[in-house]
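J.: Take these sequences, add in the hints, and give me the full structure.
Chain by chain, the residues run as shown.
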Amino acid sequence: AQSVTQPDIHITVSEGASLELRCNYSYGATPYLFWYVQSPGQGLQLLLKYFSGDTLVQGIKGFEAEFKRSQSSFNLRKPSVHWSDAAEYFCVATPGTYKYIFGTGTRLKVLA
Amino acid sequence: GAVVSQHPSWVICKSGTSVKIECRSLDFQATTMFWYRQFPKQSLMLMATSNEGSKATYEQGVEKDKFLINHASLTLSTLTVTSAHPEDSSFYICSSAGGAITYEQYFGPGTRLTVT
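Protein chains in written order, with the working numbering: chain A, 98 to 209; chain B, 1343 to 1458.
FYI, nobody ran anything at the bench for these hints, they're computed from the structure. Be careful, since some hints might not be right.
Simulated DEER-style distance windows between Cβ atoms [claimed, not checked]:
id: 1; chain 1: B; residue 1: H1427; chain 2: A; residue 2: K206; range: 28 to 36 angstroms
id: 2; chain 1: A; residue 1: S136; chain 2: B; residue 2: S1360; range: 36 to 44 angstroms
id: 3; chain 1: B; residue 1: S1431; chain 2: A; residue 2: S115; range: 37 to 45 angstroms
Cβ coordinates follow ideal geometry from the N, Cα and C atoms, glycine included.
T.: Structure (structure tokens):
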């Protein structure tokens, strides 16, 4: 079955530290991949997306993600985390339709 | 990205009453809209997919008679929770698709429903 896995439910980092959020997908072919962020009580904001081409994708707010076909992964990274980055992060995949497959989410806590 | 609004942003209603949530695609024509439900500290659960001018397609386990979806125009979809009960309390999020970027959904800010 098609699925998206985010192994880390919670992650805590200190402000200024680097961040990596993991995402693995299970599909027969390369899906379209997205990372969204959700602040408490808010809707989802798109951070970045991968459709094809360059496997290192740059997004907003200093985030980037790297698509690795061999590992079926699409990990999100940020070199220096800010306190305002504390939120819920969702990895999303779609096999080429409008229907999204959501990961379970990773809740990021940032220590001052 | 495209802008999607939801109204109201939060609503409190009494058990047994119905409540309508509006989802508007403000700057593009959304051929498809989605309705999600999100429980606290959980991921989004797709409830239904609606295409303009046709009946919504509900996901397995979602009661279509309780959650009425209407997608009457390319910019507006509504979700009506009928005869609401406390267990319907949740965060409801809509999204729109069909814009310039293939397969991308644009999410509304969500509606917090509390049924007392």
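J.: Please go over all the hints and tell whether each is borne out by the structure.
T.: Against the structure, the hints come out as follows:
For H1427(B) and K206(A), the hinted distance range of 28 to 36 angstroms is satisfied, since their beta carbons lie about 34 angstroms from each other. Checked against the given bound of 36 to 44 angstroms, the beta carbons of S136(A) and S1360(B), roughly 30 angstroms apart, lie outside it. Distance hint check: the CB atoms of S1431(B) and S115(A) are about 38 angstroms apart, consistent with the given range 37 to 45 angstroms.
Consistency note: the structure conflicts with earlier hint 2 alone.
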